[in-house]
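Take these sequences, add in the hints, and give me the full structure.
Quick mapping for you: the protein sequence lines, in order, are chains A and B. Just so we're aligned, residue 1 is where the first sequence starts under our numbering, counting upward by one. Just so we're aligned, residue 1001 is where the second sequence starts under our numbering, counting upward by one.
Note that these hints are calculated values from the structure, not bench results. All residues carry an ideal CB built from backbone N, CA and C; glycine is no exception. Some hints could be false.
[To be verified] Computed cross-link-like contacts, BS3-like style, restricted to lysine-lysine with a CA-CA straight-line distance of at most 30 Å:
#  : chain 1 : residue 1 : chain 2 : residue 2
1  : A       : K20       : B       : K1184
2  : A       : K20       : B       : K1101
3  : B       : K1264     : A       : K22
4  : B       : K1220     : A       : K242
5  : A       : K226      : B       : K1220
6  : A       : K303      : B       : K1220
7  : A       : K303      : A       : K242
8  : B       : K1162     : B       : K1184
9  : B       : K1264     : A       : K242
10 : A       : K20       : B       : K1162
11 : B       : K1162     : A       : K303
12 : A       : K22       : B       : K1101
[Said to hold, decoys possible] To give an idea of the interface, some chain A residues facing chain B are shown, with a C-beta separation under 8 Å as derived from the structure:
#  : residue
13 : G24
14 : L122
15 : V125
16 : N219
17 : K242
18 : Y273
19 : S274
20 : V292
21 : F299
[What the hints assert, rightly or not] Label pairs and their calculated CB-CB ranges:
#  : chain 1 : residue 1 : chain 2 : residue 2 : range
22 : B       : K1038     : A       : S61       : 46 to 56 Å
23 : B       : L1255     : A       : S111      : 19 to 29 Å
24 : A       : R19       : B       : L1259     : 50 to 60 Å
25 : A       : F218      : B       : K1162     : 31 to 41 Å
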Amino acid sequence: MLSGILSERGKNMLKIKSRKIKAGIMLFIVPALLIYVVFQIIPIIGAVFFSLVDWNGIAGSDMTFVGLKNYIDAFHDPDVILSLKNMAKMVIVSVLFHTPIALLMAVAINSKCRGYRVFKALFFVPTVFPLTAVGLMWYFIFMPTGAFNALLQTVGLDNLVTSWLVNESTAMNTIVFVNVWAGVGYYMVILLAGLTTIPEDLYEAAAIDGASAVQRFFNITIPNLKPIISMCVMMDIIGSVKVFDLVFAMTQGGPNGLTNLPTTLMYNEAFKYSHYGLGSAIGILIMVICTVATFASNFVSAKVGKED
Amino acid sequence: MKKKMTPGRGLMYVLLLVAAIIFAAPMLFTVVSSLKTKVEIFSEPFSLPDVIQWGNYVEAWTGANMSVYFLNSIIQAGATVIVLAITSSMAAYVLSRFDFKCNKFLMLFFTLGMMVPMHTVLVPVSYMISALGLKNNIPALIMIYTAFNLPFSIIVVTSFMKGVNKSLEEAALLDGASYFQIYKNVMLPMTVPAISTISIFNFLNAWNNILFPLLFINDKELKPIALGLLNFNGERGSDYGPLMAAIVITVAVPLILYLLFQEKVEGGLAAGAVKE
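Following this line, the structure appears as structure tokens:
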């Protein structure tokens, strides 16, 4: 190896001695750093700033510092509370359905059953589509004269026919269903990758011992997939908190703001009603929820990892 | 591989088929409806069209401006992919190869960006855009896409570069090649697998995004396709046939990308997730 000739330290990395060369090399990172700082870091600092002022959204007009007022207002605003409840519903239902269904799909597909490639592609493909297109597709199916009601009538369930996205008791549930439909394939592919890492001989040994398929699933598959399952759940929580496009395409937060999530509410408050302070405060709130979920996920997966 | 048909396997097939119907039906319905007349869509929602209405696609493509939106998205997503491939591979070269004081800090700094939801920065970005007079400015949109996809791209490319054998670059260095030449002629070609992975994801992310264009692209000639589709629905919400055709046009590119690079898309997803 030539590496011994070069002064090598750290983890197989080159240590640069000359200052001039060092400066030259640092230029490589400048474009990425510049774009990242200007278009992501500065806006985040800006977001904190805007959440602490009262401003009407017109550049150049007065901004008054109001401290935490926007946050206090947010927690007293029934719309915000409702959006948080909707978010909780979205998160809980997604977690309950995404990973378990995805796991069953992954196990079935991993058995290399007939047509498994087609099944896999079919379940996964909605996750690469724009969610606006997915939302609109389901919007046409769930509209009052849409295909779903027609289907219900055809099979004689006329009493279930309703305006799914207008009816206040079904609108949010309908969107939550579409979110489950659109996301399940994502977790399936991740779990499928996890399944391939489980050694085949574990299953063979269990089969020789007379373990049934169900026993093998609970005693081999699930324990071995624990870290990946917990990661899927945490990714799902964060993903469900960030849902925006689906609501925006299907109901725009209606009827009467009942299907707003924090994401769509912040958009509406800031850009429809010019409540920039309140909108920013909700935006920060979304980031806090996601960050807490991420740290919780690291904590949980570290714990799960230790147990094994 | 032949396997015995047991009751358990039978049940598995039944469940798979039920799931397949739930997944295929809405997509199939949209495609079939895109070839029907408005009357047919409602009077016989589950039948095939009497006469195939290619006109719906013509109407969506030209009449509803979808061709312009389509081209805009190709340009915007394509440019994003190129900018990200260059900036992230250059940064990754430094982060994966050189030991300096703030190397670890920079990596962490970039990684933190993955936790920032786009929604959080909407107000400041919109302020920045209007203060700098960047409304309808496509380069600004591409820079924002780049910023939000940089963390993922840098992480993937850096971890790939760390695994690339160093002997070639060391030989080049001894031959007197500059670091830029090494990056360009040695590192880049060897990192093609990682760059193509991030490029597919970056393209899809840019193609599917509506949040940022919603903020400051209101010129109909500049809107990307996902937003243009919503626009079409907002303006002519009862032109069902052409609308269904527009949905099909919007999902066609991600669909083709997925079918062409199935392994890459799935592998990239799983690698990104399993590594964390």
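Please verify whether K22(A) and K1101(B) have alpha carbons no more than 30 Å apart.
Holds - the C-alpha atoms of K1101(B) and K22(A) are around 11 Å apart, at most 30 Å.
Status of the given 50 to 60 Å range, CB of L1259(B) versus CB of R19(A): This hint holds: roughly 51 Å between Cβ atoms.
Under the criterion of a CB-CB separation shorter than 8 Å, is L122(A) in contact with chain B as hinted? The hint holds - L122(A) has a Cβ within 8 Å of chain B, the shortest such distance being about 5 Å.
Discussion item. For the hint 46 to 56 Å, verify it against the beta carbon of K1038(B) and that of S61(A).
Written reply: With Cβ atoms ~47 Å apart, the hint holds.
Query raised in the report: Does K303(A) pair with K242(A) here, judged by a C-alpha cut-off of 30 Å?
Result: 26 Å, holds
| Would the pair K1220(B) and K242(A) pass a check requiring their Cα atoms to be no farther apart than 30 Å? | At roughly 27 Å apart (the allowed maximum being 30 Å), K242(A) and K1220(B) satisfy the hint.
State, for the Cβ atoms of F218(A) and K1162(B), whether the hinted interval 31 to 41 Å holds or is violated.
-> 38 Å, holds
Does the nearest C-beta of chain B fall within a distance shorter than 8 Å of the C-beta of S274(A)?
-> 11 Å, violated
query: Can the restraint linking K303(A) and K1220(B) be considered satisfied, given a maximum Cα separation of 30 Å?
result: This hinted pair is violated, its Cα atoms lying about 51 Å apart.
### Task
Return the status of the interface hint for V292(A): holds when the least beta-carbon distance to chain B is below 8 Å, violated otherwise.
Cβ of V292(A) sits 10 Å from chain B, so the hint is violated.
- Within 30 Å, alpha carbon to alpha carbon, are K1162(B) and K303(A)? 28 Å, holds
Y273(A) as an interface hint toward chain B, with CB separation required under 8 Å: Status violated, d = 13 Å.
The structure fails hints 3, 5, 6, 16, 18, 19, 20 and 21 (numbered hints given earlier, in ascending order).
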